[in-house]
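Starting from the structure of chain A, add chains B and C where the hints point.
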Amino acid sequence: MSRIGVFICHCGENISRTVDVEKVAANAAHIPGVAFSTDYKYMCSDPGQTLLKKTIREEKLTHVVVAACSPRMHEKTFRKAVESAGINPFLCEMANIREHCSWVHEDRDEATQKASEIVAMLVERVKRNRSLPTITVPVTKRSLVIGGGIAGIQAALDIADAGHEVILVEREPSIGGHMAQLSETFPTLDCSQCIMTPKMVDVANHPKIKLYTYSEVEQVEGYIGNFQITIRKKARSVDEDKCTGCGICTTKCPQKKIPNKFDQNLGMRSAIYVPFPQAVPNTPVIDRENCTMFKTGKCGVCQKVCGPGAIDYDQQDQLIVEPVGAIVVATGFDLYTIDKKPEGSPYTGYGEFGYGTIPDVIDGLTFERLASASGPTGGKILRPSDGREPKEVVFVQCVGSRSREKGISYCSKICCMYTAKQTMLYHHKVHDGQAYVFFMDARVPGKNYDEFWRRSIEDEEAVYIRGMVSRIYQKDDKVVVMGSDISVGVQVEIEADLVVLATAVMPQPGADLLAQKLGISYDKYNFYSEAHAKLRPVECATAGIFLAGACQGPKDIPDSVAQASAAAAKVMTMFAKDQLEREPIVAKVRENTCVGCFACKKVCPYGAIEEKEIRDRQGNLIRVVAYVNPGVCAGCGTCQATCPSKSIELEGYTDEQIIAMIEAL
Amino acid sequence: MKKKKMLLSSKTMDVDFVRKVEELSGTSVRRCFQCGKCSAGCPMATFMEHPPNRIVRLLQLGQWQRILAGRSIWYCVSCETCSTRCPNKVDLAAIMDALRKLSWDKKEPSKEHYVQLANRLFLENIETYGRQFEMRLAAVFNIKSGQFLKDLMLGPKLLCKGKLKMHQDKNRNIHEIEKIFQRIREMRSKGEAE
Amino acid sequence: MTQDNHLNYAYYPGCSLHASASEYDRSTRELFNALGIGLEEVPDWFCCGATPAHNVDELLSLSLCAKNLDLAKQVNNDMAVACASCFSRMKFTQHILNENQKKRRLVEKAIDGPAHIDGNVKHILEIMARDLGLERLASAVKKPLSGLKVACYYGCLLTRPPEVSKLDDCEAPSIMEDIISAAGAETVQWTHRMECCGANFTLSRPGIVVQLTNAVLNSAKRAGADCIIVACPLCHGNLDMRQEEIEGVYNTSYALPVFYITQLVGLAAGLPAEKLGLDSLMVDPLPMLKKKGLL
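Residue numbers (the working numbering), protein chains in the order written: chain A, 16 to 680; chain B, 2 to 195; chain C, 11 to 305.
No lab work stands behind these hints: they were computed from the structure. Among the hints, erroneous ones may be present.
[Stated by the list, open to error] Derived pair list, reagent style DSSO-like, types lysine-lysine, alpha-carbon separation capped at 27 Å:
1. K162/B <-> K159/C
2. K112/C <-> K107/B
3. K21/B <-> K119/C
4. K176/C <-> K90/B
5. K428/A <-> K444/A
6. K223/A <-> K592/A
7. K90/B <-> K356/A
8. K301/C <-> K159/C
9. K112/C <-> K162/B
10. K83/C <-> K171/B
11. K90/B <-> K112/C
12. K180/B <-> K107/B
13. K162/B <-> K231/C
Isolated chain A (complex conformation) (with noise of 0.2 Å):
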């Protein structure tokens, strides 16, 4: 005879205030098959769960009913508590009367007889509650990077550290992400590239790492510490083993002109490429569509000059199966341009700026890679236009950002430092050149950023105006800046030889398919999506995926590598054990009734149903059943709704049981 223990809780006022907690306790007591009844302040609380566990102890309580918030926040809690008193955890179910109830009512009377019904419910349910056992699966203590940003860098790296061995797919010949493309990072102006090449070159190097470059994730199967992915290895048509990373072919490549996307296009490159001089892997890359030999057959200049013979016009993509245990998101971010949108994007472009078809119109990395020694033009400052050395720059923030009107409502956080940070080496580089930036706030909250921030406005005499620009035009060979000074209350007029747009932080194209191919989450700007905006920052819902970096929010580098480590320190906690213990809410195929006709596997969203063959002794095969692999399973309950023969049972939710709680009410 089960003896149920009821506990209802206060919530301090969130429950008590509308709902008369005494009361429901009282009514609970009497449902049969409650043993004891009562009510407390906080049941999350220590004395709550001391009170749990004594009760249970006194009481020779059998199942716990405990009637509190949403079992999304503590069912955790109460599980852990009841199997420290002795009780299988899953003989302890949580009664929703504050989300469910409280939360959304406000007469007091109804709301009380709700609750009540509420717990009857539950009590009835759990008294159809069978014990289970802990699942467990073994983990492969191998990870995924997907990017090799600074986050991805940095989260495989610690990974490796630990003795895990990592494998970092990377989308671009090469790694580095955007950081390679800066020229000085704020807040201290390190030499991006000074900083960031001694840890490529480590991943590069490290025993325990795995390097694909030019590569994507095609495939991801499985489940937490157990995926099987495939990657597709682009054709780079260099063989990686013979290359030495001489770089004669590039030079001898006949094709120069093709616009260098690392250099954002205002520099050039061969056929034969590799992106920037400090690349890793050093290994070109031939761009098969801007190729001469890949359009007409004709050329072959590289493979003739290369000493080893490692061109390869033939080489094919190559898919390559990797299992892994975790998988850690780092595929960072892309600005957002200006130009002219579809019809039917959700994002519009600055007509008032020129659709992006004035050239001294650039956006922040362009201008990063203007001031970078190893850019297009050798780290001087010169206007894309004509060649020659701006005098007058305005910066302009906010754009596409914190723009209702443009479809990006969010602030890019960090183009208030890069700004400041681009004043300064305008400032260092052209000394009779003057900065305007035209901003609404400064959003410089990091360790000394207000400093550098103020640095650029006290001894970089870059001129700040609070106020934005309307409208920005072609006059002769000037851009002509219609901006307004807000503190002063007028509008303000300037001739600018460059402008700078401090253009929105937005995901990498593409971002929303590999979420699909992963089965995250994600918002509706295509950022990845956090399982808890505060408690769970780097994990995504999905078990066994974690997220690092940009492509998670907007982030500057201190916190997308302090992020990176904190993935890493995730992942590192999961294969701190052998074997990963799952939750055994799991369903369960009655082999006796199931007919085998697999509508359950068609829903199935995890790909948790098998098929199982059901032989006689003799081997001879009697038909083919439906089997659930508990470690896959989600619980979500699909196949039990979609069964036609009622064959597949959820734990904990059974049909018995869901009657039972409707004729509770």
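Positioned in the frame of chain A, the structure of chains B and C alone reads:
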């Protein structure tokens, strides 16, 4: 008025006025975060004592008296540039319309009587003739504003080119049109309409 | 709209087109006649209220327009408007009454009848470029405007605000350039084609108009334009009627003829200058046109 110290309290911030403006204009005043893009693109900002962003700011603080006492709202030319470019979709042009209407209703002598006079004569023409009688509009404006010589040279030139009609027939359906005006007045006196 | 592939519209000229902008009315009618587009004037139409009405009394503005839309619908479900201000007011009325039921009820009470806001209100630019189509327009050209450099002036109300007018991209429109290019002219890129001329302040604050319109004329001149084309009577008035005054104030010379778009397209379609009202323009266009061999 403009430079007077603002003593802010829940009593001195007229929230009801702001709500009325929001209702009339169908937009939110609170969405404005004072970026100044409207003022940057406004063709009339250099003629206004309160540029557009400052008008919204005063409205956010419930200080409508400072707005209506001045000329600024009457210098808005309804070019719609502000509303088109506002990053937060604040319909500033509609707010200007609402402020002008509330000023018009209060019949407060704004400093800007020329523009108000022009508007009044324009509407009178509609009620009298149905269509605009440009000659009357210009002539009566000149007389009532005491600018007898304004555009004096232009007049005869336009007449020669056939651009100025000396006479305007009333519309056949002028009574229909008059009734529209009357009904609106009645609805207002009964409090059915703003 | 179409009767046996023939375009027909209810035509709402607006007050200016019957007075100071009569050449716009004439040229539009003549051109559309030549193009085979039917325009039937809305009987007993009256003033839409333009800017003064909505500036001080939105309910009046919406009511005046709603009643006119009603009168138009009795002629044709599609209304053709030439004046940018009337176009804007009609579109605004449809937009606001569609979204705000409270205002709609008040307007229906004021006009004592239902507000018919679901007809199609089209500017003549749309009719030429889209309904008729640029190809058919080009095929109607008999005397292309070769060698004529035109600055297309949009002004404010044709494209702003974009969600109401829906005519073209409000920062980088091309509809006027498309039409006049189909007529054989060359268009110039200039900086002030969307900047306000000062509109109805021409009556009450002409000093402002002089300043703003000067910037427009200056920009067109610097871009090397031979002339400016407009699709708004008020813009035309400021650019054309006040050009001599502006030249005096700024001690400069523009001599930039300002045409209504239908006048130039009409010329290209082979219509005679008298029918297009070219002689009504204050800045005499005839010398320039003759020099270009277009007349």
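Going through the hints against the structure:
Distance check on the hinted pair: K162/B and K159/C sit about 26 Å apart at the alpha-carbon level, within 27 Å; holds. The straight-line distance between the Cα atoms of K112/C and K107/B is roughly 23 Å, inside the 27 Å bound, and the hint therefore holds. A C-alpha spacing of about 21 Å is found between K21/B and K119/C, which places the hinted pair at or below 27 Å, so the restraint holds. Distance restraint check for K176/C and K90/B: the Cα-Cα separation of roughly 17 Å lies within the 27 Å cut-off, and the hinted pair is therefore satisfied.
Using a Cα cut-off of 27 Å, the hinted pair K428/A and K444/A holds, with the two alpha carbons roughly 26 Å apart. A distance of roughly 19 Å separates the Cα atoms of K223/A and K592/A; the hinted pair therefore holds under the 27 Å criterion. For the proposed pair K90/B and K356/A, the alpha carbon gap of about 19 Å is at most 27 Å, so the pair holds. For a cut-off of 27 Å, the pair hint linking K301/C to K159/C stands: about 13 Å separates their Cα positions.
Restraint check: the Cα-Cα separation between K112/C and K162/B comes to about 46 Å, which exceeds 27 Å; the hinted pair is violated. With a C-alpha separation of about 23 Å, the suggested pair K83/C and K171/B falls inside the 27 Å cut-off, and the hint holds. Between K90/B and K112/C the alpha-carbon distance is near 22 Å, which keeps this suggested pair within the 27 Å criterion. A distance of roughly 24 Å separates the Cα atoms of K180/B and K107/B; the hinted pair therefore holds under the 27 Å criterion.
For the proposed pair K162/B and K231/C, the alpha carbon gap of about 25 Å is at most 27 Å, so the pair holds.
The structure shown violates just one earlier hint, number 9.
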